[in-house]
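Trainee: Read off the chains here:
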Amino acid sequence: MKGFTLWFTGLSGSGKSTITQAIEPLLLERALKVEILDGDVVRTNLSKGLGFSKEDRDTNVRRIGFVANMLSRNGVVAMTAAISPYKEIRDEIRAHTETFVEVYTECSIDELTRRDPKGLYKKALSGEIKNFTGISDPYEAPENPEIVVNTEHETLEESLDKIVRSLELMGLIPAGEDNHTSPEEEVVIRERLQALGYI
Amino acid sequence: MKTAQQRLCVVGLDGVPLGLLERLANDGVMPNIAAGIEAGHHRSMRASLPEISSVSWTSFMTGAQPGEHGIFGFTDVNPGTYELTFPNFAQVETPTLWDRLGKRELTSVVLNQPATYPARTIPGVLVSGFVAIDLSRSVKPLRWLGSLRRQDYRVDIDTARARGDHDWLFQDLDYTLQARGAALGRIWDEVEWDFLQVVVTGTDRLYHYLWDAVENTDHPRHQQAMDYHRAVDRFVGQVWNRFAAENEEPERRFWMLSDHGFCGIKQEVQINAWLRERGYLIIDDGGRDLGGIRHESAAFALDPGRIYVHQRGRYARGSVAKENVASMKAEIADAIRSLRYDGEPVIRDVHDAADLYSGSCADGGPDLVLLAHPGFDLKASPTATEVFSRTDLVGMHTWDDAFLLAPYSIDDEELWIGDIAGHLERGFEN
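Protein chains in written order, with our numbering: chain A, 4 to 202; chain B, 66 to 495.
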């Protein structure tokens, strides 16, 4: 299979890292080579020393895009999990990347504030943290991402299923054997059987 | 293109009984079928027991009996919660005909085979049939999904709507058949296949809702029912003509069959209501499906006529000790054999599953399997309180009048649908 870049974008706490970590074994099971470029991890290595000004953030995201593209053109599925708040930079990376799949992890500020495991949103809302994306710094949601997962309303399994199935349909990953019927499907099966006089 | 010696084609007509097929062929409604009957060897054939599509078609596609392949009905019961579960293709325990052909590097195209959902990879192309829900999970390989979606392919008619709206029923039957034909043509064009199988399921739907219109020439929808059969015949003719054009001696490589027969309903017979009436089943209100079953219940039923002894150790609240199962089966069998409606016997046969099924899955099946006389449609609604009733359904499945149209005569009085896979495989040994 060809490599590709699976670019997650979304606010802090929206589930980017959780999802990339959960998808990794699903892709490995299909004999794909996988690397995760997590925003926090990149900042302590590749982008050490960069701050949170717009210029530094753009540089950080461009570096991630550069590495992801190198990996993906060598047959790796490169997953990135940085907030990557600016549409212009994401589009710039898309333009330079052979196969770029944008995944938007959608979640409302209210829900993120409610989750807030590190208390960052509370601090940002009180002004204790400056330049916090989504509160005091802009976040430009993608207009036409290939995949949208709503982590506020979907379970992790539902989001994973949506992403994996989308990648299957795009022909980017081999089809897995999906052999269960979901509870929602069972409701429909029950109705269809009842329409034919069963149950 | 593959040569004549390598290709084999099967058309399934779900639920079409031999008698109806012969009559419509003789009456000129189905001239292509008539030609097939003239050229080939047609006969009756037994369905599976129970005589429903999921079991019969699974027996066809595996060449195995339910005790081996593990599918005993559209439903099973969760032994802990007593809620119904819905066995799917992944639970078929034996390899399919297409898997076995694949080991010989033969490619199959299988369109609308019931009981194959969710689709899994086969050596070739599989488009699942009933009860397939999501088209994207009904197609393997997925590269066929786009073209099927673009042509608005339908797995099945909208049965919930069609049951009460017969204008819609005929529209949907026509549309679905046309879409099936278009899909078949496209896949046929592009795949180098050895074995091709397509199943028409609209016949079964029509018979459930309007069997009387098929049988009764005075019925206001009789002509519509005949027109649908003409359309099915044209579909068969198109498959045959193309197959004949591309293969030498096509009559030696072309098969047709149904998975069970059909007849009209005199009465629906609710087996759980009968078990309640006799004190074998006690269900409290409130639980889903059989969730309210009491410990002291001795048995329950699942559609259509499968009776399960409520055995201790097999079910969470089971009460019948293992050593008493045989006597309980015998007691229930004796009692239900005498069931009558207006003096007419209802039950044609009571099969002890121990005699009926063998194989690694046999223990997961029912303990008794009822076969009713034609006209008595066995049901197992957990909530029904009346043993005999009628609904708007007019047609029911029958067991021993499925049809087979084969290239050669098969002299076996007990021929059943599970035997056909072996004949088809031997067709590739020439």
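These are calculated hints, taken from the structure and not from any lab test. There may be inaccurate statements among the hints.
Stated by the list, open to error - List of simulated lysine to any residue pairs, SDA-like, C-alpha gap at most 20 Å: (1) A:165 with B:211; (2) A:165 with B:201; (3) B:331 with A:189; (4) A:165 with B:331; (5) A:165 with B:214; (6) A:165 with B:185; (7) A:165 with A:201; (8) A:57 with B:84.
Values in this document were obtained by computation on a predicted structure and should not be read as measured data.
Trainee: Each hint needs a verdict: does it hold in this structure or not?
Mentor: Each hint, compared with the structure:
1. Pair hint residue 165 (chain A) plus residue 211 (chain B) holds up; C-alpha atoms about 17 Å apart against a cutoff of 20 Å.
2. Only pairs whose Cα atoms come within 20 Å are accepted, and residue 165 (chain A) paired with residue 201 (chain B) is accepted, the gap being roughly 12 Å.
3. Proximity of residue 331 (chain B) to residue 189 (chain A) is assessed by CA-CA distance (about 31 Å); at most 20 Å being required, the pair is judged violated.
4. Between residue 165 (chain A) and residue 331 (chain B) the alpha-carbon distance is near 48 Å, which puts this suggested pair outside the 20 Å criterion.
5. For the hint linking residue 165 (chain A) to residue 214 (chain B), the alpha-carbon distance of about 18 Å falls within 20 Å, and the restraint holds.
6. At most 20 Å may separate the alpha-carbon atoms for a hinted pair to count; residue 165 (chain A) and residue 185 (chain B) meet this at roughly 18 Å.
7. A hinted pair counts as satisfied when its Cα atoms are at most 20 Å apart, and residue 165 (chain A) with residue 201 (chain A) does not qualify at roughly 32 Å.
8. Annotation: proposed proximity of residue 57 (chain A) to residue 84 (chain B) is violated, straight-line Cα distance about 80 Å (limit 20 Å).
Against the hints set out earlier in the document, violations occur for numbers 3, 4, 7, 8.
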